[in-house]
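Residue strings, one per chain:
There are 2 protein chains.
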Amino acid sequence: MENKNIAYFGPKATFTHEAALKYFHKNNNFIPVDRIEDVFRKVINDDADFGVVPAENSIAGTIVDTIDLFVQTKLKIYDQISIEIIQNLLSKTTKEKIKKIYSHPHSIHQCSKYLLDNFPNIEYIESTSNSKAAILVCKDPDSASIGPILCAAEYGLNVIEKNINDFKHNETKFFIISKNFVDQLKKKSMIIFSVPNVPGSLFHALKIFKKTKINMTRIESRPSKLKKWDYVFIIEYENSEIKSRNEKMLKLMQKHCDYFNYLGSY
Amino acid sequence: MENKNIAYFGPKATFTHEAALKYFHKNNNFIPVDRIEDVFRKVINDDADFGVVPAENSIAGTIVDTIDLFVQTKLKIYDQISIEIIQNLLSKTTKEKIKKIYSHPHSIHQCSKYLLDNFPNIEYIESTSNSKAAILVCKDPDSASIGPILCAAEYGLNVIEKNINDFKHNETKFFIISKNFVDQLKKKSMIIFSVPNVPGSLFHALKIFKKTKINMTRIESRPSKLKKWDYVFIIEYENSEIKSRNEKMLKLMQKHCDYFNYLGSY
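First to last, the sequence lines map onto chains G and U.
The first sequence runs contiguously to residue 266 in the numbering used here.
The second sequence runs contiguously to residue 266 in the numbering used here.
These are calculated hints, taken from the structure and not from any lab test.
Positions of the beta carbon are idealized from the N, C-alpha and C atoms, including for glycine.
It is possible that some hints are incorrect.
Cut-off 27 Å, straight-line C-alpha distance, at most; resulting in silico cross-link-like pairs (DSS-like, lysine-lysine) [to be verified]:
id, chain 1, residue 1, chain 2, residue 2
1, U, 213, U, 26
2, G, 213, U, 213
3, U, 132, U, 74
4, G, 188, U, 248
5, U, 4, U, 95
6, U, 113, G, 211
7, U, 74, U, 187
8, U, 162, G, 210
Quick look at which bits of chain G chain U covers, simulated, 3 or more residues with Cβ under 8 Å [as the list claims (entries may be wrong)]:
id, stretch
9, 186-196
10, 202-214
11, 224-231
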């Protein structure tokens, strides 16, 4: 795919940017936007052909902002891509001279063992993104930031130490979103639904999966945002190789649910 | 209850502080700590008798940091308290003179309609908490921040405009945590569990609820943090007035699950 407009959750050099560059050929137009919501808006308004947004992290779990936007809009999941989250210490100075560290609080948290061992008495300044932290480091010679390798290249910083995460199995799945899903069954699919507000109604929905022998891999509830303490449910499941089973499950779910939205396969 | 040490997710004047002051008599010692994790740690180390942490917001959903800490520690839910989340515009100057707004990005998001209507061309500076934003406003005469009324009193700011949220039904539930739960069944209870990694295993767990006629009100999956893409499940349910039903459900779940933790009733 070339010459497409690809909106991603920015700024430049975030992990989402890394995911976008891994999925799409470089001969596309990559557009960083400030919020996940803005990625959806760009695709809705045809300012972008595709969007790239974080979907789930292996440690932090579901990115709920993304899930909620599927409930609020009609956008679909076109595909999925995973990348390993590797945090690095970035600076213009040497390790010994670092006096303070700018970082998103999540990144400090992910590297807390390394930071405690290597910088027990340093000043931490929280920023709202790793890219913003990198920009501050450019202006402050005795400081460092935490972030992806891409951040070093983008903002002219040196990689002082590679892979400083405490957990080494940190991976994030990103969704490629668009106005339409691909009409081809891949490994997994995702649906969002709400059930009638009577006891046993959620159980009945889950029974449909059991009956059609479709294996759920994940279930979440999210506030419906229409009524207080009212929920929608999100299920990720593995598509059966027996096509009729998937079709039957979807048909039964659609019949049972108040609201039903098939998001796509990936 | 008096003369107890109460740790809460701070800094001072957060919504969690407000919840702590609503639940506990003022003759207690209130201790603000920086992270939800630190609230749990204070209680574990007996530096606090109780902790106060956010559990669920009616718009943003489950506070996953809190849920994850119940998986990692042995702390219990002692009780629950809800407060309405009311955002206000706080400043030392008058509305006309406000040139920039400091705020947590979530608060900007929650008040975006009001801000667009009233301050279409203003500069926004993101901070990592509303209390930190209020501290910055104290030093910057032409600025304002967004936050709870308590923030105005705590940092000597004036309330320029009350209740500026876009959604008027914004409520957060907080858990009062301690080393032990109260041995008394209240309206709801919460359990955390994992099931054997075989198809249909989660369904079997949910069937136990159906069989014992216990109504689930919420279900979530969270990364187990032990193995990549492996999950634990959290269920909130309504306690049956027929005591034996609750007991039977817990007994059957304990037998079926690999890992099972009853958190308490509230």
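Going down the list of hints, with the structure as the test:
{"no.": "1", "hint": "U/213 x U/26", "in the structure": "violated, 41 Å"}
{"no.": "2", "hint": "G/213 x U/213", "in the structure": "holds, 24 Å"}
{"no.": "3", "hint": "U/132 x U/74", "in the structure": "violated, 31 Å"}
{"no.": "4", "hint": "G/188 x U/248", "in the structure": "violated, 35 Å"}
{"no.": "5", "hint": "U/4 x U/95", "in the structure": "violated, 41 Å"}
{"no.": "6", "hint": "U/113 x G/211", "in the structure": "violated, 46 Å"}
{"no.": "7", "hint": "U/74 x U/187", "in the structure": "holds, 22 Å"}
{"no.": "8", "hint": "U/162 x G/210", "in the structure": "violated, 50 Å"}
{"no.": "9", "hint": "186-196", "in the structure": "violated (count 0)"}
{"no.": "10", "hint": "202-214", "in the structure": "holds (count 6)"}
{"no.": "11", "hint": "224-231", "in the structure": "holds (count 4)"}
Consistency note: the structure conflicts with the earlier hints numbered 1, 3, 4, 5, 6, 8, 9.
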